[in-house]
Amino acid sequence: MSPLAAPGTASEMTSRQRVELALAHEEADRLPLDLGGSAVTGMHCSTVYKLRQALDLDPPGTPVKVTEPFQMLGEIKPDLMDVLGVDVVGVGRIANMFGFPNAGWKEWRAFDVPLLVPGEFPTQREPNGDLLMYPCADRSVPASARMPATGFYFDGIVRQEPIDESKLDPADNAADFSVISDADLAHIAAEIERVAPSRRAIIADFGGMGFGDIAFVPGLATRHPKGIRDLEQWYMSLVTRPQYVYEVFERQLEIALETLKRAHAAVGDAITVAFITGADFGTQEGPFISPKVYRQLFKPFHVRINDWVHTHTNWKTFIHSCGSIWRLLDDIVDAGFDCLNPVQASAVDMDPAALKERYGDRITFWGGGIDTQHTLPFGTPQEIRAMVRERIEILGVGGGFVFNPIHNVQASVPVENVLALYDAVNEFRRYTRGGKST
Amino acid sequence: MSTIDELRAAVVEGQAALAVERTQAALDEGIPADALLQDGLMAAMREVGSLFEEGEIFVPEMLVAAHAMRASLETLRPHLVKAEVHATGKVAIGTVEGDLHDIGKNLAAMMLEGAGFEIEDLGTDVYPERFVEAARDGADIVAMSALLTTTMTNMERVVHAISDAGLRDKVRILIGGAPITQAYCDEIGADGYAKTAASAVRVARGLLGLDASDGPAAVVS
Chain B
1 MSPLAAPGTA SEMTSRQRVE LALAHEEADR LPLDLGGSAV TGMHCSTVYK
51 LRQALDLDPP GTPVKVTEPF QMLGEIKPDL MDVLGVDVVG VGRIANMFGF
101 PNAGWKEWRA FDVPLLVPGE FPTQREPNGD LLMYPCADRS VPASARMPAT
151 GFYFDGIVRQ EPIDESKLDP ADNAADFSVI SDADLAHIAA EIERVAPSRR
201 AIIADFGGMG FGDIAFVPGL ATRHPKGIRD LEQWYMSLVT RPQYVYEVFE
251 RQLEIALETL KRAHAAVGDA ITVAFITGAD FGTQEGPFIS PKVYRQLFKP
301 FHVRINDWVH THTNWKTFIH SCGSIWRLLD DIVDAGFDCL NPVQASAVDM
351 DPAALKERYG DRITFWGGGI DTQHTLPFGT PQEIRAMVRE RIEILGVGGG
401 FVFNPIHNVQ ASVPVENVLA LYDAVNEFRR YTRGGKST
Chain Y
1 MSTIDELRAA VVEGQAALAV ERTQAALDEG IPADALLQDG LMAAMREVGS
51 LFEEGEIFVP EMLVAAHAMR ASLETLRPHL VKAEVHATGK VAIGTVEGDL
101 HDIGKNLAAM MLEGAGFEIE DLGTDVYPER FVEAARDGAD IVAMSALLTT
151 TMTNMERVVH AISDAGLRDK VRILIGGAPI TQAYCDEIGA DGYAKTAASA
201 VRVARGLLGL DASDGPAAVV S
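These protein sequences, in sequence, are chains B and Y.
Quick note on the working numbering: the first sequence kicks off at 1 and runs consecutively.
Quick note on the working numbering: the second sequence kicks off at 1 and runs consecutively.
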């Protein structure tokens with residue numbers, strides 16, 4: 001029998017309390033919902049525009065801010081959060097993934113919708129229609145990312161110098177990472193103050209902890225990337241140059257721990273969740289890497305980060321990994337993460353019921369609410385409603401579930417499907433009984 | 001262990017330098033190039049594909065093996081040309097328009113190459129016209145990859161473009177990628193769907209009417 005039913009009584013719980021109860025594996029008044037709290041739980045700007053229009057939040061033609069220019073995610077403003085009942089809000093460094101600030105907004109039209117992009121965002125297309133992005137908006141160096149003419153977001157451009165094994169220096173790959181600055185900390189503190197009245201749970205991305213995140217390996221914000229930058233070379237290095245990779249991670253860990261220390265001193269327990277890593281360990285059919293490679297190269301660093309956070313703060317830690325990672329999950333959970341995203345139930349071996357049964361008392365599923373490869377973009381509103389209901393029934397029992405689709409909601413998803421998604425969430429998210437998970 | 005066995009082991013273990021060295025040694029011993037291709041490289045890559053599908057090895061190990069295979073093939077290629085060893089078939093492969101993801105596409109290309117196919121790598125963000133051109137230029141198979149739900153729909157445009165060009169009967173269309181399913185393959189009228197890079201070989205051979213994995217791997221003229 002479903003623990004959840006249609007909404008009834010008004011909630012007196014704050015969003016933050018709701019999220020914290022879920023993270024404590026207890027049922028709140030209703031299931032918490034994230035949209036836009038992180039770069040992996042957001043929505044493509046064109047879809048945000050269509051959703052805001054459909055909800056009558058803006059006059060037609062009102063531009064949407066692109067707050068994350070790599071994946072072209074749109075701003076989830078407080079009015080949209082209120083309408084949908086969103087419980088989470090995100091904060092992070094001043095610079096975006098390309099190393100320039102999200103400031104000095106200018107209008108730009110793309111994907112058939114009006115947008116606002118940061119002043120240093122390149123809006124001039126190449127002759128073939130592509131958009132090229134430059135590290136730190138510095139056009140004196142080669143571009144670091146490309147959006148194809150008919151694409152919807154950027155991917156890194158590999159700038160790999162010839163590899164001379166005798167000269168490989170882990171410092172080269174580690175050069176992408178830096179301890180969080182005073183300016184960033186002041187910015188984050190101001191952001192926290194700005195969003196505090198909403199009493200939403202805050203997820204903070206202090207940056208630089210995604211050990212081996214393949215999206216960052218090419219060095220999106222690095223002017224002159226050195227070391228291993230080619231994606232295939234990086235993957236191969238995990239088995240052919242493990243010592244090199246380990247030493248890159250050691251340097252990164254040192255920076256990350258200092259960042260965490262400084263961040264905690266600056267924000268204390270104002271935040272609920274710290275975004276740690278978005279390194280993908282899964283493909284559609286199975287893990288990218290063997291459990292052995294995870295244990296040898298990644299887990300030691302994940303353990304160190306999680307241990308530090310749990311020893312010194314009340315924060316919960318967040319890991320994102322797409323794909324089929326069932327075979328790695330014993331170790332990922334054992335490494336101490338509190339939240340797992342995006343819970344790609346559409347991948348092999350990622351059955352929500354099996355995940356909930358095996359790991360549900362130890363990790364919070366932050367995602368997995370709707371299949372975004374088939375059902376959300378191509379299904380009917382009825383199919384969406386049915387899947388949302390089923391996922392909430394399975395994953396929501398006893399807390400330990402924050403509703404989010406699987407990864408960001410992409411462009412080209414019909415707006416009626418997006419509306420059906422959030423209608424269903426709000427129809428089924430209310431817990432009818434409280435109390436601790438048994 | 002024979003030199004061919006050593007070559008096979010070197011490829012499976014991803015030891016590129018050793019694979020090249022054993023290839024040259026085998027050629028020096030007078031072992032025919034087509035035997036080295038079939039019993040060495042292709043046998044090795046079949047084993048790699050099986051190990052991958054069984055979950056014994058993963059993407060890094062598969063990439064390392066494929067690179068060793070390629071290194072050996074470079075040494076072998078002039079000898080194959082001289083001996084007039086023909087490819088199993090020609091595959092033109094690319095990631096569809098709007099999509100820059102190529103790890104899966106590259107892995108599939110390497111596995112197909114390791115199965116004796118001639119590969120024309122069209123790269124990423126490949127427009128329909130380019131696939132049509134490849135079909136016109138004699139590809140036996142046009143293979144398309146997509147990672148994204150926003151770009152997979154471009155596969156259907158390619159199928160239509162190939163039909164419109166009057167080439168549909170001349171070429172088989174193979175698709176793959178994370179969001180792709182057999183149902184989608186059927187829906188858009190493609191000929192085959194490969195779930196993994198390793199299975200692309202089996203499907204491609206099937207599309208050309210060859211035995212899925214164990215039959216004669218290359219046609220020797």
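Heads up, a few of these hints could be off.
Cβ-to-Cβ under 10 angstroms is the rule here; a few derived chain Y residues that face chain B [stated by the list, open to error]:
id, residue
1, Ser50
2, Phe58
3, Pro78
4, His160
5, Ser163
6, Gly166
7, Ala178
8, Pro179
9, Ile180
10, Thr181
11, Gln182
12, Tyr184
13, Ile188
Pairwise CB distance ranges (calculated) [what the hints assert, rightly or not]:
id, chain 1, residue 1, chain 2, residue 2, range
14, Y, Glu118, B, Pro414, 50 to 60 angstroms
15, Y, Lys82, B, Gln124, 36 to 46 angstroms
16, B, Pro162, Y, Ser2, 46 to 56 angstroms
17, Y, Asp5, B, His312, 40 to 50 angstroms
These are calculated hints, taken from the structure and not from any lab test.
Source: prediction; values computed, not measured.
Idealized CB from N, CA, C, for every residue including glycine.
Worksheet item: Honestly, which of those hints from before does the structure not fit?
Response: 1, 3, 4, 5, 6, 11, 13, 14, 15, 16 and 17
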